[in-house]
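Asker: One letter stands for each residue in the lines below.
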Amino acid sequence: MKKILLVFIINFLLCFGVNAETEKKEVKDCFEGVNRATFAFNQGLDKAIFKPLAKGYRALPSPIRTGTGNVVSNLSNLITIPNNLLQGDFHSAGINTARLAVNSTVGILGIFDIAKQLGIVKDYRKEDYGQTLGTWGVSEGCYLVLPILGPSTLRDSVGSLTAFLGGDPWYNVTVKNDTHYFKESDYYMSRGAGGIDFRAKNIDSFDNLEKNSMDFYASVRSLYLQDRKQKILNSKKITNTQDDSDWDDIKSE
Amino acid sequence: MFKKKLSLLLVILPTLFFYKNSLSIEPSIFVQSTVNRASQVLSTDIEKKEKMLKLQEIAKDTVDIKGIGMYTLGKYRKEINDNQKEKYNELFEKYFLKSFSSRLSEYSNPKIDVQSEEKINEKYTIVTSLLQATEKRPEVKIDWRIYTKNPDKPLIRDLIIEGLSLARTQKEEFASIILSNDGNINALFSNLENFINN
Chain A
0 MKKILLVFII NFLLCFGVNA ETEKKEVKDC FEGVNRATFA FNQGLDKAIF KPLAKGYRAL
60 PSPIRTGTGN VVSNLSNLIT IPNNLLQGDF HSAGINTARL AVNSTVGILG IFDIAKQLGI
120 VKDYRKEDYG QTLGTWGVSE GCYLVLPILG PSTLRDSVGS LTAFLGGDPW YNVTVKNDTH
180 YFKESDYYMS RGAGGIDFRA KNIDSFDNLE KNSMDFYASV RSLYLQDRKQ KILNSKKITN
240 TQDDSDWDDI KSE
Chain B
0 MFKKKLSLLL VILPTLFFYK NSLSIEPSIF VQSTVNRASQ VLSTDIEKKE KMLKLQEIAK
60 DTVDIKGIGM YTLGKYRKEI NDNQKEKYNE LFEKYFLKSF SSRLSEYSNP KIDVQSEEKI
120 NEKYTIVTSL LQATEKRPEV KIDWRIYTKN PDKPLIRDLI IEGLSLARTQ KEEFASIILS
180 NDGNINALFS NLENFINN
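The listed protein sequences derive, respectively, from chains A and B. Just so you know, the first sequence maps onto residues 0 to 252 in numbering that gives the first Met the number 0. Just so you know, the second sequence maps onto residues 0 to 197 in numbering that gives the first Met the number 0.
With the rest of the complex left out, here is chain B (with noise of 0.2 Å):
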């Protein structure tokens, strides 16, 4: 009887401990996957505005969207209230939406490779990956933040090119703007605001 049980025990403990690790997703397949579905967009043959809503959707999917714009929002996330904080996270969106779109759309058929994969720690790597030259431009060095937490369902924090991070970059534009206006939050508002509806 108990070696029975044992038996059994031994039959499902692996298939349970094999079981979750098969739910969790590598980053360098998930940034892979996401280039594919980028460029698969890029690549079709439809209208510039169409392809801006079929990208925007890729990013609803495999963009921490959130996590990016309370990271851009610096020291400043600590200082808004809760009406605040909301009224942020609903222009942050639509203005990283936007913007991802309108830069990822100015390509036509990006060949992406990725390249390796580096575990910073629980809550992130670092996926390695180059974009092919073209006539136009040499190749570009793009690293990937992933964000890990839930294993399950990775999600892009930072696109780090030729070592220059968007999202450091992002966060500095945005204090610079909230700090030539005395440090008031609304100035950064109104200009999110205005960039979504020009």
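Chain A extracted, bound-state conformation (with noise of 0.2 Å):
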């Protein structure tokens, strides 16, 4: 089986993506019909169970929130580390590796963060495998809406299976092998706690976007791409990440 979808992941890398000269090409919805079918299951799943939970986390006291916040963060470098080091990113890879040594020990399993207030990281930046593949050179791919996880690429869908694949150690040890130290749940209930976190700290901005949005779908799409874009690139600098040319021809009023 695992043999069968690393060929499938090449076959589709060969034939979908391999080219950084089509970086610069509009992402495609090839599927725009399903996407949108998917996207409005997801807004009905996120009115009915993810965003009641989101502003009941909303309400729990700041400590409790950021410390789940900092576990969540602290649990992402197990993926962002072998990605550091896929990119070539070898100062970052050290940086994270002593992120997580350190917030995992002395700050009790991540609850604190104890790496950012001795200076050792200034700005974690998460990596993920769809990331890396973009950093290689691999195109989007077509745009498409995954039920419950959400926006995504045909790439990003390949970076994701790569971590269940074996590219996510947190995986690994919970789910995949019984290391008779961690349960299947403590996986599922990070993973949920990481969903619940990003819902709460957004819910004003989704709130304001859905509701001054003629496109609502469209409007998470962009954002979507041109996030993934930013983190790509690795760029803070607005002129690395926002094509200027588009800009030019516009006149003054």
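It should be emphasised that the hints constitute simulated quantities derived from the structure, not laboratory data. Since this is a predicted model, take the numbers as computed values, not measurements. A portion of the hints provided could be inaccurate.
Claimed, not checked - Quick list of in silico lysine-lysine cross-link-like pairs, DSS-like style, CA-CA up to 27 Å:
| hint | chain 1 | residue 1 | chain 2 | residue 2 |
| --- | --- | --- | --- | --- |
| 1 | A | K50 | B | K140 |
| 2 | B | K135 | A | K46 |
| 3 | B | K170 | B | K77 |
| 4 | A | K125 | B | K140 |
| 5 | B | K140 | A | K230 |
| 6 | B | K65 | A | K210 |
| 7 | B | K65 | B | K47 |
| 8 | B | K97 | A | K46 |
| 9 | A | K210 | A | K50 |
| 10 | A | K200 | B | K170 |
| 11 | B | K118 | A | K228 |
| 12 | A | K27 | A | K228 |
| 13 | A | K230 | B | K135 |
| 14 | B | K110 | A | K200 |
To be verified - Heads up, incomplete: computed chain B residues facing chain A, CB under 8 Å, no partners named:
| hint | residue |
| --- | --- |
| 15 | E105 |
| 16 | L163 |
| 17 | R167 |
Glycine residues also receive a C-beta, built at the ideal position from the N, C-alpha and C atoms.
Put the two chains together into one complex; each comes in its own frame, and the hints tell you how they fit.
Answerer: The following block contains the structure:
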């Protein structure tokens, strides 16, 4: 089964993506009808489950929310570090390893971000396999909306799949292998907490966006693709992440 | 005589030079003053409707609404005729003002610190700022694309929030509406009208 999936991934990459020159092309929404239906389904789930949970979570005392966010962020190092290495960013890999070690021990399983307080990491940046494929020159492929998980692209979905195929040490020790130290539920709880934490931090922004959008689906698609591009470029400079030529021929008032 | 003229010239020229420069407004100062104006309105204890009207006045004064409108129309701005362009400009301004004031009026008293500015070219400067964190949300990095072709009257053309451009998002939203209606620009017009009237 693993081999079949691996062959599928390699085939997919060869057929759809490995072409750095396509980077500037618009990402196609090849399955827009299905995507819109999935988006509507996800919105329904959000309204019924995730948003109320996020609202409840937001009512918790600030130290609990900060601690939860820290634990989730600390666990994400387990995917970030291998991706730092795969991207050839050994410096960040070293710093993030130190962050993981300090926060998991002194920071009591990541509840406290001691590494930040000590100045080891000033601005932690998550990396994933989708981003690594992007830095290798694999283009996005088609835009996708996954049930529950939300916006993605073919490339990012392959990246997520890689995590489940052994690329995520946290998944390996909780779900994939019986280590007697962790339970499957630890993995799902941490993923769920991460989702709720993210949703809680963005309740107002999402509400605002939905209220002021004529096509909410298109707005979310645009924001997701811009965000991914920015994360792959690892740049905070607007001139690097935004295509300025778009503005060139706009005349003054 | 020549010496006199020369010294007069030496006095007049720098004066003219400094006078010209003194008229231009630094983009970062322009942003900070715009933010302060908006904050003042938002922190005032008045009705939401009145707040929105005051915010709209600020937007008319500081945002290049027509320029943003043309940008968000994307490739379609070259395909529509003058009548359609006129109708679009009119609708877009109403749409923009409603959407802009509605988005902003949700914030009670936002504290934004302008941090730096970077001149991209003669036409654009990016001003970097930080919206301070509150109990409910983390701090947010906001970059402002300022149109500086006329340095005496800088105008806001885009807000880039945590690297995500609002103008670009709007442009892609409009394109999606037009595309899903077989390229018919009137579909965008009726969507804009619906938004304005609702």
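Asker: Determine for every hint whether it applies to the structure shown.
Answerer: We went through each hint and held it up to the structure:
1. In summary, the hint linking K50 of chain A to K140 of chain B is supported, as the alpha carbons are separated by about 24 Å, within the 27 Å threshold.
2. For the given pair, K135 of chain B sits about 19 Å from K46 of chain A by alpha-carbon distance, which is consistent with the 27 Å threshold.
3. As the CA atoms of K170 of chain B and K77 of chain B are separated by approximately 14 Å, the hinted pair is consistent with the 27 Å bound.
4. The suggested pairing of K125 of chain A with K140 of chain B holds, with an alpha-carbon distance near 17 Å, which does not exceed 27 Å.
5. Using a Cα cut-off of 27 Å, the hinted pair K140 of chain B and K230 of chain A holds, with the two alpha carbons roughly 15 Å apart.
6. At roughly 23 Å between alpha-carbon atoms, K65 of chain B and K210 of chain A fall within 27 Å of each other, so this suggested pair holds.
7. Distance hint between K65 of chain B and K47 of chain B is fulfilled; the C-alpha atoms sit about 26 Å from each other, no more than 27 Å.
8. In summary, the hint linking K97 of chain B to K46 of chain A is supported, as the alpha carbons are separated by about 26 Å, within the 27 Å threshold.
9. Among the hinted pairs, K210 of chain A with K50 of chain A is consistent with the structure: their alpha-carbon atoms are about 15 Å apart, no more than 27 Å.
10. Between the alpha carbons of K200 of chain A and K170 of chain B the distance comes to roughly 26 Å, so the proposed pair stays at or under 27 Å and holds.
11. The hinted pair formed by K118 of chain B and K228 of chain A meets the criterion: a straight-line CA distance of about 23 Å does not exceed 27 Å.
12. A distance of roughly 15 Å separates the Cα atoms of K27 of chain A and K228 of chain A; the hinted pair therefore holds under the 27 Å criterion.
13. For the proposed pair K230 of chain A and K135 of chain B, the alpha carbon gap of about 25 Å is at most 27 Å, so the pair holds.
14. Straight-line distance between C-alpha atoms of K110 of chain B and K200 of chain A comes to about 18 Å, which keeps the hinted pair within the 27 Å bound.
15. Because the smallest distance between the Cβ of E105 of chain B and any Cβ of chain A comes to about 6 Å, under 8 Å, the interface hint for this residue holds.
16. With a least beta-carbon distance of about 5 Å to chain A, the hint placing L163 of chain B at the interface is held under the 8 Å criterion.
17. With 8 Å as the threshold, the beta carbon of R167 of chain B comes within range of chain A, its nearest partner Cβ sitting at about 6 Å, so the hint holds.
When each numbered hint is compared with the structure, no violation occurs for any of them.
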